[in-house]
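Those protein sequence lines, which keep their order, are chains A and B.
Mapping to the working numbering: the first sequence position 57 is 57, numbers consecutive.
Converting from the second sequence to the working numbering requires adding 1000 to each position, the first position being numbered 1.
No lab work stands behind these hints, which were simulated from the structure alone.
In this text, all values refer to a predicted model and were calculated from it rather than measured experimentally.
No residue lacks a Cβ here, since even glycine has one placed at the ideal position from N, Cα and C.
Among the hints, a few may not be true.
What follows is a set of in silico ranges between Cβ atoms, one per label pair, in the way DEER data are often shown [as the list claims (entries may be wrong)]:
{"#": "1", "chain 1": "A", "residue 1": "Gln-11", "chain 2": "B", "residue 2": "Glu-1167", "range": "29 to 35 Å"}
{"#": "2", "chain 1": "B", "residue 1": "Arg-1023", "chain 2": "A", "residue 2": "Glu-39", "range": "17 to 23 Å"}
{"#": "3", "chain 1": "A", "residue 1": "Asp-294", "chain 2": "B", "residue 2": "Glu-1119", "range": "36 to 42 Å"}
{"#": "4", "chain 1": "B", "residue 1": "Gln-1136", "chain 2": "A", "residue 2": "Gly-115", "range": "54 to 60 Å"}
If you only want the chain A side, here are some residues facing chain B, beta carbon under 7 Å, derived [to be verified]:
{"#": "5", "residue": "Ala-208"}
{"#": "6", "residue": "Pro-227"}
{"#": "7", "residue": "Val-276"}
{"#": "8", "residue": "Gly-307"}
{"#": "9", "residue": "Ile-311"}
Number of protein chains: 2
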Amino acid sequence: MSLAINFDDIQLAAQRIKGVANRTPVLTSRTANGQAGAELFFKCENYQRMGAFKFRGAYNALAQFTPEQRKAGVCAFSSGNHAQGIALSAQLLGIPAAIVMPLDSPAIKLAATRGYGAEVITYDRYKDDREALAKQLSQERGMTLIPPYDHAHVMAGQGTAALELLEEVGQLDTLLVCLGGGGLISGCAVAAKHLNPKIRVIGVEPVAGNDAQQSKRAGKIIKINTPKTIADGAQTQFVGQLTFPVIQELVDDIVTVSDAQLIEAMRFAAGRMKMVIEPTGGLAMAAAMQGAVDVKGQRVGVIISGGNVDIAQLAKYLA
Amino acid sequence: MSLAINFDDIQLAAQRIKGVANRTPVLTSRTANGQAGAELFFKCENYQRMGAFKFRGAYNALAQFTPEQRKAGVCAFSSGNHAQGIALSAQLLGIPAAIVMPLDSPAIKLAATRGYGAEVITYDRYKDDREALAKQLSQERGMTLIPPYDHAHVMAGQGTAALELLEEVGQLDTLLVCLGGGGLISGCAVAAKHLNPKIRVIGVEPVAGNDAQQSKRAGKIIKINTPKTIADGAQTQFVGQLTFPVIQELVDDIVTVSDAQLIEAMRFAAGRMKMVIEPTGGLAMAAAMQGAVDVKGQRVGVIISGGNVDIAQLAKYLA
């Protein structure tokens, strides 16, 4: 079966987002390298516009709307960063936006989404079916629904993060990518394996929400209850119909880290790298530095997915 | 009277530190610009090696040691970041180092200084004379004393921060620089006024420690008691014999900000720019964004001096 996206899609996405998305920095830390026994290259999507990689996929999708779609608007459901990515992209392209978000999203994400001019509709993430809510909305208003990960344009957009990383640092032995619904890792795996067929691409999930790990082992999509983890960007119940085949074919392994390890990663990022990362943003960093993956002696890409964490909440993690 | 340093000294310093010091990023923030009503360019020395601009001056000084000086070693007194700068530079150059530091320095700074292999000698910043202690040490052991700011090689090294900023962003209307003993601002003023004679260079002090503001107005160095402020890098009692003439001739004005304003700056940096800055690092940012200086409609350089803050302490500021 052919995959939903190929390398050309990612290159085209890179052209669409050029000059609009930030080309985020690749940071290194001698202390991190010492701790990991490896050479780590952190692709810092916490410095992306709206604070996370999600802007890439959202903008790539909206930039391909027809004039009719632009006029009717976009709607989306999201645990937070995709919402902001859609809202900001819609604002930049002059498209109306309505976003279905969990009631308990970090306040900073709710406020930012509204700040970009989008209408926000909240739901209870432990009770309601957000997808059904968003579909209803799109039908009632004729808006195009852009899902947070299971969409070829979104996946291709997210893949530009790995494309930029590999363009900047050259060959890597391993690429570590956080995994919620699989949008980021599927785009990144397609880019990375095309540029460097020998690279090992490894997904990192919260231990409480290892549905992708289970799914990969079972050979079919496994659905779990909404996991309780501080990694709010990876609180997905299942990977996508489009992302799963990519994960099956191109992702070499999936590992997990605990919430305690995410907090340790956030503390390291703040204390030593002077950088704020959100819990989900610590997944790949924790895996690289705290032994979830053997990376000794390797050149390792680590994608930091975002930095959108309430500072009062961050204060608790750092205390 | 001729000043202690000129532009050539800064260019030579830039050559000495090239490939050793980080060329730190210049970051921008649309939100910060909106709040300030200006175009702000943040020169992020929190991403400098050892986490602050002090590495520049320390390395520039130690790189000029004679073989005899290298063998006997270096000693220094410092509220923290200069200590780390000297310790790391000494380690890189294979020079023994002994550092006199306040007992109440942030634990992260004490640990980092020892981590770079330096011997640490502590003192009480409200009782002891650190300069006398360091002089005694240098006499007893034949070590060369490198003061934290009142030294031409240190001043020239710090000036490379402004040199890099102006090389990268071009002409600026105003440059805001934090001010403790005056090492950073004197180096930066010499670089900035040479490259752009019309630029306004403004120093920013904590309101509790406005000795430089008083000194500039009085036309002579005014000594104050050790100020109680969270800006531990600007807890100096007086500016230097070498830095003061530069401040008199090349610094256009000196303004002050409160500790509450520094905390607001640290919160903005963490929440919106995903960046950890130390309280002293917030001086210029607070001045630019909270009205201490009129920068409306201008292109403004803002030097973020460092990011070395205990994360437990940072947690309190962010809570």
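Exercise. Looking back at the numbered hints, which does the structure fail to meet, lowest number first?
Worked result: Going through the list in order, the structure violates hints 5, 6 and respects the others.
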